[in-house]
Every structure is written in C-alpha cells, then in structure tokens.
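Chemist: I would like the entire structure built from these sequences, with the hints used as guidance.
If you read the protein sequences in the order shown, they are chains P and W.
The first sequence begins at 1 in the working numbering and counts up one residue at a time.
The second sequence begins at 1001 in the working numbering and counts up one residue at a time.
The reader is advised that the hints may include incorrect statements.
Said to hold, decoys possible - Subject to a maximum C-alpha distance of 30 angstroms in a straight line, what follows is the list of computed DSS-like cross-link-like pairs (lysine-lysine): (1) 114(P) <-> 1004(W); (2) 159(P) <-> 3(P); (3) 159(P) <-> 216(P); (4) 1297(W) <-> 159(P); (5) 159(P) <-> 1004(W); (6) 111(P) <-> 1297(W); (7) 1004(W) <-> 111(P); (8) 1297(W) <-> 114(P); (9) 1643(W) <-> 1590(W); (10) 1672(W) <-> 1524(W); (11) 1297(W) <-> 1389(W).
It is worth saying that the hints were derived from the structure and are not from the lab.
The structure presented is a predicted model; accordingly, all values stated were derived computationally and were not measured.
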Amino acid sequence: MIKVQDLCHYLPYGDEQITILENLNLSIQDGETIAITGSSGSGKTTLLGLLAGLDVPSSGSITIDGQLISAMDEDQRAVFRANNIGFVFQSFHLLPSLTAVENVRMVLELKGNKDSQALAEHYLEQVGLLHRLQHFPGQLSGGEQQRVAIARAFASQPKYLMADEPTGNLDENTGDRIIELLFDLNRQHQTSLILVTHERRLASLCQRQLRVFQGKLREV
Amino acid sequence: MLLKSLLRADWRSGDLRLLLAALFLSVFVVTAFSAFSERLQILLVGQGQQFLAADQVLSSTKAVDEAWLDQADDFDLQQARYLLFQSMLYVHDEPKLISVKAVDDGYPLRGQLQYRVQPGLTESAAHGPQVGEVWVDARLFELLDLTIGEQVAIGDADFIVAAELIAEPDRGLSLFSLGPRVLMHHQDVAKTQAVQLGSRVHYRYLFAGNPQQLAEFREQLTPLLGDSQRWMDLDQSQPTAAGIIDNAQLVFKLASSIIIILASIALAMASQRFSQRHQHQVAILKTLGLTSQAISKLYIQLLLLCAIPTVLIAVLLAWLAQTLVLQAIADHLALALPELSFMPFVLGILTALISLAAFTMPALWQLKSTSALLILQNTQSAFRQFSLKSMVLLFLGLLLLLRLYSQTWLFSVLLLTGLAALVLVLLLPSQALLKRLIRLPLPLTARSGMALSNIRRHLHVHAIQLAIFSLSLGLFVLMLAVQHQLFAQWQKQMPEQAPNYFLINVSPQALPEIQQWMADSSIKAETFYPMIQGRLSKINDKPVQDHYSRDELQKAGVNRELNLSWSDSLPEGNTVTQGMWLSGKAMDNKVSVEAKLAEALNIQVGDRLSFTIETREVIAVVSSLRELTWDSMRPNFFVLLGKQQLADFPTTYITSFWLAEAQKNQVSSLVKQWPTAILIDLDTVIRQIRQMVDYVGLAFQLVLFFVILASLMVLMITVQASLAERRNENAILRALGAEKRLITGSLLIEFTLVGALSGVLASVIAQVVLLVLQAFVLHMPLQLQMGLWPIAPILGALLVGFAGFYSARQVTQVSPLVLLRQ
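Modeler: Given below as structure tokens:
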C-alpha cells in the first residue's frame, strides 16, 4: 500500500520557487489501478517520479508498504525500486545497443537471477515478441519497443508498476494493443498499476482517476 | 552477468572502442616512444662515448696512485689505460718522429679500433696490438715504404709491424699530438727506454660502467686530483658531438612531452564523451534499481576489464614496433641494437594508471551522480563537460606524467602552464576568427552556405575545436621547424666541404713553399695562422693562481699553455661581442680574448693581461671579446695578440683545408717534401659526427610520425564528439529532402574551413614559440620561418577536412528514419 501525506514539491526558478505539488494526500491499495491525469506541465509526471522514489518531495512523506521512502537516500531508494517497482515509459528507454532479449535479461541480472535468458524469453513470449528476441530497439517498431519495455517491467516481478504516458508515442491501434497487454499482465501478476496519461480513454480503464490541477490532487 | 551485458552493449555502441583506442594509442605511443628514445639515446651517447673510448677519462702527466684505480674496482668499473709520448721510429735505420700510444688489453672500453692487415680489407677490433707488435699509422706505410711483418725499432726495442692503423675511436682527444700514430702494447713501454724521468708523457685512465657508480667514483676522486690531472669530458673534447647529443635530448624531451599531452587530451575527451553518452544508460539502470555505488563499481569493472588487456597489448605491440624500426635502423647502420631496460614498460603501465585515474575516472565518477529523473524529464544532459574538478585532475595528471618523463618539475610545470594558458588565450582569437569567417561575403553555393550556417550554429564548439586543433598543429609545425633549425645549424657547422685536414708545425721557411704547393695543387687552405705557446699569468697584474681555483682555471682552459696567435683580420667564424676588432698598428699591445674564457675569468675590455712566453712576460690590454665556433674545423684561438708583441718569438704555422677523396693521394707528397710539417686527418672525426647527425635525422622522422599520430587522435575524437549532435540535425535535414551529397559536402567545407583557420593560428603559435626557443633554449639567432607558414593551414584543412568528411560519411550512411527514431 502506498500512502502519501501532506506532500509538497517545489522547483527553484531563478531566485524564486515554483510550486509543483501542494499538500497532496493519497492512499493506493495493493492491486489497485490508478490513472493520474492532468494537462501538460501540471506535475503529474513529477508525482509519478516521487511515488516511484526517483526523487524526494520538498516536504511531506511517502510510505510504501510501511517503508518511508521519502526519508531514504538515493541508494536506498534504488534498492527499493529494484525490489518493488517496475517502469514503462513514453519513450520506452530501452538500451539501444542491447537486443530485445538482452534488455529484458538486464533487469533480471540486476536482481542476480541465474536463469535470466529463459525468463527473459518467457516474458517476451508473453508480449508476443518471441520472434524478435535478437532484434535491436532500432530495428523494432514503436509498439514493439513498448512491448519489450513492458516485458522488462514485468520481468522484475514488481509489486507496483509505474507507467508514464505508455501510449504517448504510439498510434491509436498500437496504443490500444499496448493498453490491453498492460492491463492483462497487470491482472495476471496482481500488480498495482499507477499510470500517468492525458488520454481519457486510457484513464477510464483504471479503477480510480486522479487529476492534478494547479498543484492539487483531486479524485475524478 | 550484468557486466557482460553492458560490455556487449558498450562494445557495440562504439564509445568504449573510442575510449580504448585513445588509451591504446596513449600507452602505445608513450611506451614505444620512450623505448625508442631510450635506445636511441644509448646509441647517441654510446656514439659520443666512442669519442672518449670510455665513459670517463682521467688525464695525467704522471702515473696516478694505483690505490685510486683499486677504488674503481670497488665501484665495479671497467678499466683500461694508455700512455702517450713522442719517440723516434726507425725504419731501415731512417728516423721518423712519431706519437706513440701504448695501450693495455682493455683499450678501447667504448668503440673499436680499425686496422688493416691485407690491402683493401679494413677490420675492427676491441683491443690493440699484442706484446712485441705495433700498428702503424696508414700514412707512414707509403711515406716509409713499410710492409706488414717488417721489423721496426722504437727506442731500444724492436717490434714487428702487425697492422696498418686506420682509426682510433678517441683520435679527437689527441689530435695535435706531434707525429703520426704508432700503437704498441702497454707492457712494451719499459723495454723501449723511451720514457725516462722528465719525459713528456700523458697518462690516460679509462673507465666505463654504471653511470651512477661512475659519478660516485668521479666525485670521490676529484678532490684528490693534482695540478697535472683532470677529467676529460665530451663537452671539451668534442663540442660538436656533445652539442648534438644535448640538443637531440632536449628535442626528444619536448617531443615526448608533446605526445603525452596530446594523447592525454585525447583520452580525457574520449572519457568525457563516453560518460556523456552513458548518462541515459545510467539513468535507466538507476531507475531499474542500481545504486550509485553499484554504478561506479560496474563502470570501473567494465573499464578495467577492457583496459587491462588493452594496456598489455599496447605495451607488447609498442615493444614489437620500436624493436622492428630500430632493428631496421641498426641493421642499416651496421650497429648492435642496445639492450632495453624495463623503464619504458613501467612508464607505459604508469601512463595507463595515471591516465585512467586522472582522465577517465573523474568522467566515470561523474556518471554515478546522474539523476534517474533524467528518464522522466526526457532531457539529454545536465552533464558538465570538463568540470573544474576534472580540469584540475587533468592538469595534475598531466603534470605527473610529464614529471615522470622529463624528471624535472620545472620543465613540466612551465610546459604545462604555458600550454594551458595558450589554449585559454587561443579561445579568444579562435572565436574572433570564426565570427569574421561567417561574416565574409563569400560567393555562396548551397553547400558553402550550409557550412557557414553550421559554423554559426556551433560557434562555441568550433572555437574550442579550433583552439585544440591549432595547438596540435602548432606543436606539429613547431617540431618540423625545430628539426629544420637544428639541422640547418648542424649543416652550417658541418658543411659538405668542411676542412678535413689540419696542417700544423709549419716552419716560417716552409710556409711560402707549402702555400705555393697548395696553389699549384688547387688546394684551397684556410688562413695560415702563426702559433706560439704561452701561459696566461696575470690579470690586471694579479697572478691568476691567487684568484682562481684550479677547477676554475681548468674549466676556463687556462691551466696549461695556450696557443697564441695574431691575425690582421677577424678570423672567419669569429664574432666580436664586446669592444672593437683592431688590426695593424692599432693592435699593438692589445689582445682579443674568447668570450667564454673572458666570462669564466671575469675579464673585461680594458683589463691588462700578462702572458709568459718562454721566459719573458708580454703585457697587453683587452681590446675586444670574440665568440668562436669551436667545432668549425678551422684553427681557433682563445687569445689573439698584436703582431709586434709576438714577432720576436719563434713561431710555427697552422691551417686547415678540405681535400676531396680523389685528391687524398696528394697529401703523401706534402708529407714527403716537408717532413717537419704534421698533417692531421679529421675525416674519422667528421664521419663520426655526420653519422650521429644521420641517426638524429632518422629519429626525428619517427618522432614526427608519432606526433602526427597523436594529433590525429585528438582531431578524430573532437570531430566525433561534435558530430553526435549533428546526427539529429542531419536526420531532420535529410527527412526534409536534403541530398546526402549536400550534407556531406557542407560538412567537408565546414571542417576544411575550421582546419585551415586552425592552421593559420597554428603557424602563429609555432612561429612565436620558435622565436622563444631560438632565443632561450637553442641559443640560435632569431629568424622567421616563412617557409613553414603555409604548411599548417594546408595540413589543417586536409586533416580536419578529411576527419570531418570521414565521420560525416558515417552519419549520412544511416537512414534518416533510424536516426530520428534514436
């Protein structure tokens, strides 16, 4: 369970500070699917980054499964991410010089998994890319790259999956297939899904929708 | 496992290869160069030492205490000795004044003797004649009608002529000993009875061995030396050889430092590029849960895993390459390749360690602080190119490397701070030149227009590139210029027709006859100078011994009799540095003194000098100081007096002249007609010096190759670094319909222009540094090198243009779609 209390986040802008998020309170239950929406620059991606422990809030606290991640240092948060959180990004963020299977294997190797090759193939099979194992990201379409990213995210068997505009770089048809895959796997792996999107259609598939507006969070 | 995946990824991406290539070249160049330089110096110094036939020579007019020589044993030094004295050689009962050199079995310790037993077959030997045998100067064979195996007498003893003596390595040390040389065994001296109490004999003690042991031995012995004993140095005995070795060593030191700096800059830039291009990877790894510590460990492991074999291969190939090159040179010159110490390999590995620690690690260290947020923000870089800390480390690393090579802090600090200041200063004219270039109303084609627009967009990056290119090219041109200057200087000193014979002991009666004979034989001699021996006894009426120590007098060269002379005109090659050259009556009671002697004894124009000639005192006032070229192969004099003061003393004459190989048979008739005149053949000495200049010439060519290699490395890496962001621009341009040829052509023009501009700056730098070097280091007259000015712009345009074109081709060969996707 994720618990956010009195979260504020500011960014320096010259001599001043810009308020990005202000006094946010939020609880996310295990297995829940949540969409964070908002206009461009509203702070939704910042919130996702804070929830994932990629950054720490200016004030307030974030507790995940009883662990106060907002008080952790960078390395502690990294270890926490490795064990609990998976990511899917708008720009896929695969390593361009590794093949599809090597990209998935890498996350397994990070966790010291001895059977990384077989597992990586298994997850790529789940996303329908068994025939693309040895292809480099540059040789794959956008949809295929996102599927590799999804396979990589689930391969680490995270409890929480954070997705930042997972269909933002894809056409509608491909986007639909990716959403379907993401939700299927989410159900299959019992993962809590927190996704940032500006697409209402995608947001509507989630159990809860939260909208960030002028630094505040409200349930839709 | 993760390490293996990353290794695969990095190898494929090419960034790691670039970094390793820089490291490889850095270690390869440094190891190969220092090994090459070490061996070449051994060859050069060895060649120099041959002039002494030893590493150190102690000269004495009486036998030294044998206990001194026992000390040499304590220092593990090799020893040899010989005696020099004059005697009469009797052939068919006809006497001939000869200069005897009685050598022991150890002589020579360095170099070889050349002798001939069968006509036309010159052989070399590391020892002199056996007991009871003599080797006789080749000239005497014709003069005295001698044959091998004949019996001759020296003093009371008979000897068998075993060989014709062709060359002694240390002939230059006793050039002016009277009479042709006869070599005999040391043990035969006693039976000749030629050396008696009061005989004029020179004892020479030769030592060779470990330089440090030699220095300690010399230090221990020096305080014990008497008035008649002195160490003979290469500087005194062969100033030309010593000068060549000194200058060559200085240039090698400069060249090796330049190569180290270039290679290090290349490595630092490659490391920065590697780190910059790995930010994204690190951000992904951090997002996936890798800690900063794990990231540092991972990249350090990755680096070491690749660096260790790279360094080992580089060291091995360096050894192989320099051995092959030097073996070829040694074979060509029929020399044995000197043994190599471990030092170049230690230096190569130390270079790798220091380079990795100072140039690569800071860049990798910076990686660990990459924020994982980069992923979400989707930004390219918050990466600080060459932060202050990394610049300081780069500077310290370079300083340490330079110190390692040059062995002096002062040289390292001066060179590095000078160059660093130069780069900073160069940024200003670089930017100014580029701004001027883009405003030029050039006839624009689509390509040149795009090229200028590229320069405008990348002005800042180009300014940095221009500063670095111009420095590299400047250093390269400087090397060319220094080589050119040194060779010009040596060639000037050693022109093709430099005199190869000295004729001394010419009596006043024989003088007009010999001059006539020379004119008839078409032999052009230098001036005949009178020569009278005298000793400097007082300066301003104060005895010199009271004011100067024995060492100071020895250093000034006035602890023995000087050759005094007079001349109506300023001798060729002499330059008056103070006072005025006087001639005729004006020179009466005046004296002109060599400038270095004057400096050593603090003699000024206007001082009164007293000379003891025979038993009389001659007093003269200093009217001028002169600089001489001692190694010009012409007669040179420390002291020139007025003719009127020397006219009463018995005199002989000296001159030098050049004889072509074909004319050499004429000298025997000269010696036969005027038997008291002594002819000295300088060909061997000149040949030795020329050979040394040839070695240095070959070495310079290789040094320039290394400098070009290191410069090219820097060029390629800077071009590569700046091309990364061009990929995107080119992808967009090509997507919008720009032809591949247009983009390639514009890049070619852009880099060619930048290269040419950097060449112009390089020429300015090279010229300024050259003037400074001429004035303060090489001690040459200041001279503009206009011939070098076009080299750098042409070379810059070609090299940078080619490098840009080569890299540009790579960019345009990739589909724009792939580039846009990346």
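Chemist: Next, verify each hint and record whether it holds.
Modeler: Going through the hints against the structure:
1. 114(P) <-> 1004(W): holds, 14 angstroms
2. 159(P) <-> 3(P): Since the Cα atoms of residue 159(P) and residue 3(P) sit roughly 15 angstroms apart, the hinted pair holds (cutoff 30 angstroms).
3. 159(P) <-> 216(P): holds, 26 angstroms
4. 1297(W) <-> 159(P): Status holds; Cα separation ~28 angstroms.
5. 159(P) <-> 1004(W): The hint holds at about 28 angstroms.
6. 111(P) <-> 1297(W): Given pair residue 111(P), residue 1297(W) holds - Cα atoms ~16 angstroms apart, limit 30 angstroms.
7. 1004(W) <-> 111(P): holds, 15 angstroms
8. 1297(W) <-> 114(P): holds, 20 angstroms
9. 1643(W) <-> 1590(W): holds, 10 angstroms
10. 1672(W) <-> 1524(W): holds, 20 angstroms
11. 1297(W) <-> 1389(W): holds, 21 angstroms
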